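Now for the letters of each chain:
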Amino acid sequence: MASDQLLQYLFSGLTHGSIYALVGVGFTIIYAVTSIINFAQGEFVMLGGMLSFFLFASMGVPLPMAVILAIIVAAVVGALLYLLAIRSARQASVVSLIIITIGASIFIRGIAAEVWGVDAVRPPAFTGTTSWLVAGAYIQPQAVWLIGITLVLTLLLHLFFNFTMMGKALKACAINRSAAGMVGIDARAMALTAFVMAGALGAIGGTVMSPLTSITYGMGAMIGLKGFVAASIGGFKSPVAAVIGGLTLGIVEAMAVAIGWGPFSSAYKDAIALIVLLAILLLRAGQLAAQERPS
Amino acid sequence: MMNVERLQRFNWRPVAIGFLLVLLLLMPFNWFMGQYTTLLVFIGLHTMVTVGLCLLLGYTGQVSLGQAAFYGLGAYFSAVLSKTYGVNPWLAMIIGAIATGTFAYVIAYPIFRLKGNYLAMATLGLGIIMYVLFRQMAQYTGGPDGMGGIPQLAIGSFVFDTPFKRYYLVWFFCLSILLLSQNIVNSRTGRALRAIHGSEAASASLGINVAQFKMKIFVLAAVYASLAGSLFVHHLSFVNPQPFGFLGSVMIVVMAVVGGLASIWGAIFGAAMVRILSDELLLRFGELDIVIYGLILMLVMIFTPEGLFVRLKSYYRRWQTGRLGEVEL
Amino acid sequence: MTNTALQVTGVTKYFGGLAALDGVEAAIDAGKISAIIGPNGAGKTTLFNLITGVYPFTVGEISYQGTSLKKLPAHKRTQMGIARTFQNILLFPHMTCLENVMVGQHTRSRYGFFEAALRLPKSRKEEEAVNLKAMKYLNLAGLGMKAEQDAMSLPLGQQKLLAVARALASEPSLLLLDEPGAGLNKLEKMELSDLIRRIREMGITVLLVEHDMELVMGLAEWIFVLDSGKKIAEGTASQIQRDPKVISAYLGEEVEYVES
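Residue numbers (this note's numbering), protein chains in the order written: chain A, 1 to 295; chain B, 1 to 329; chain C, 1 to 260.
No lab work stands behind these hints: they were computed from the structure.
Remember, it's a predicted structure, so these values are computed and weren't measured experimentally.
Backbone N, C-alpha and C fix where the C-beta goes; we use that ideal spot for every residue, glycine too.
Some clues are possibly wrong.
[Said to hold, decoys possible] Over 10 Å on every C-beta distance to chain C, these chain B residues come out as not near it, computed from the model:
(1) GLY18
(2) LYS216
(3) SER314
[Claimed, not checked] Heads up, incomplete: computed chain B residues facing chain C, CB under 7 Å, no partners named:
(4) GLY148
(5) GLN182
(6) SER205
(7) ILE208
(8) ILE302
(9) PRO305
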């Protein structure tokens, strides 16, 4: 394969990988702080994209404003998810929590379909759609936005978790919740913070991605699953690990399609993430079982 | 006092089941609920799939978010074998059940090394892979548009060619499965399953082969779903991938949750509630059904994690004992 | 006559670079009550978990009645006659006391899926036998009256007795008890001691891990002392109490005498 072609696939992989990364970071933060896997994580991406489009197209809000509002609303949805559904079921088993977040996921999806319809929509790109030629491969400005924002957010999150009081408190909760409680960290406030952050991160991904790929009300499941794969590759350990996981998954997907190996034609692209998921889960089964709280 | 005691001792169970049987027998007649026969057929089919999930999730405590995939496998095995290859529909149904069971057996070993969240995500992923395959293998399955003209089941010259006839066929299968499951639950095996739910370490320490029981019950649930899938395609003479995706699997979880996860007969209640809701009440409201499903899942799991049917049953018992002037110990 | 039931040879187990057990040797005599004591973190429960197959072991050897346990999964060890209780009890919730004990009979009945699903006569006959046996063990533990109660509704002391009955129902030849006395009051401890003695009289070898010295010294015929994963002494109660190594191991650690 020519190197410019390879680069083209690499760009595509990094672009998709960025969105998996942002969703994966959301999974990781919530899981680290609360031991909950939020099966509604992918819906934040959908909400981000849908809200930014409809605020812009139907309500005439200027695009930058629409994007910011979309992120804020998704963060509020994250907070409501925690306050109304998760916190009400405090002694719930792992299985109950899975079912609750799945319920939240299809609830949000159904509302989106009711309000915005079932057709795909596509907000305008931030800075035009004229592709740039880089070393023989084309890249869209919006893809540069997406990759750039992901990298900047990764850096900010890294600084946040390691150098701010709030970040350190969240980290303390992740390491040992009861000990964190003893030194005066409010575990509930931290859990709320985690859901808000996860909502905002997913929505940022959604607003930046949707001008590239367009967006429908039902896309949350697949994006969520791939974000989960990203977080699994990173071992649910740190946001940076989840980002690396997401980018890796994006590149693996793009390369498998590039090679066109066996069943990995683009029609089966989605299956690749699942094969990666099963492979990782099984390789790490013992280790993961040890982390898992008994249900 | 004598009367009270006799009331308490009286075993209502056979009466309830007898009543249910008579009701099921008469329902498809026109003077009764004939206009709902198709709905009742679907309730039967979904009960079959839901019972499998109840055994797996409610009794054994193992999540599966991909049950619709097994339902779909049964459906497509029957459809493709009987239509494209001219295999006898009954034989196709048996081949489908065996193939689906074998598939479940093969994936059970790796997949049950996982627990809780990871098991949920892996089964969800598996369900989506199967859905992608149903759509993409268009040369066999007809792709997203589906395939029609699937032959009907027949015994000799008696063809199950009306919903009325198929109703009895489906409910024969459904009740058989419920009865088998009821017997399994009230046995050594059922105890082992509930023990695994309670504590895997303690179960293993008492000589229970935890991995093997999970695998067996997973295979059993897959076979139930496969049989339901086969009956489904012979009922409609048509199949497309739509019922077998992620939302299909979630709908089965909703039915199990409404039915009371650890309840065999509750599966009928769950399947009936959800089907009536989506077929009769929500058709006019577009995508509102998944909003309702989502609400049901959240509300039931937050307020009655043991399941709606089980909670209603315990309310009934409390009401009954209260009426008898008995205080529960 | 001494006859070794369980032989532990050079067993070493690491957890993330730390040796939880380091070259432990022990020979458990058949038909006797033996005990493992030691300060917190000495590796007592780890040894139990290796014997019963909760964790695999790679270094050393554990054999029961001359058969190596190394490659056997947990449930197979139960079939060989090894049963145990757990520190955190692990009763099965949402099941009655009787059902809990009936699960213990799992390996002693054979009928499977097929017979159960069709309710063949074999299944009914076995089910009756299992029911009777389970009642017998419940009565042995003094819980016959509680048969139909939910297991988790029992007070702690009775939950522990129930766990012993459940383990006994697997009809073991070796019974491992992990801190059976923890959290019990004086009366309950006396009941427990009685039960353990009766178990010995049934010809079952008993090995217990226990913090309560009074209970151990009153029951155990042979005691092993572990400290930081190593065996530092073994002997009879009076030998152990005089052993300077044992005394120094316990210095700085409060010996637990739980008063009622």
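Evaluated hints:
Annotated as non-interface, B:GLY18 keeps its C-beta farther than 10 Å from every C-beta of chain C; the closest such distance is 18 Å. A beta-carbon of chain C comes within 10 Å of the beta-carbon of B:LYS216; the shortest separation is about 6 Å. The beta carbon of B:SER314 is kept farther than 10 Å from every beta carbon of chain C, the shortest such distance being approximately 12 Å. Because the smallest distance between the Cβ of B:GLY148 and any Cβ of chain C comes to about 36 Å, over 7 Å, the interface hint for this residue is violated.
Given hint, B:GLN182 at the interface with chain C, is violated; its Cβ is 9 Å from that chain's nearest Cβ, farther than 7 Å. Interface hint at B:SER205: satisfied, since its Cβ lies 5 Å from the closest Cβ of chain C, which is below the 7 Å cut-off. Using the Cβ-Cβ criterion of 7 Å, the hint placing B:ILE208 at the interface with chain C is satisfied: the shortest such distance is roughly 5 Å. Given hint, B:ILE302 at the interface with chain C, is violated; its Cβ is 19 Å from that chain's nearest Cβ, farther than 7 Å.
With a least beta-carbon distance of about 12 Å to chain C, the hint placing B:PRO305 at the interface is violated under the 7 Å criterion.
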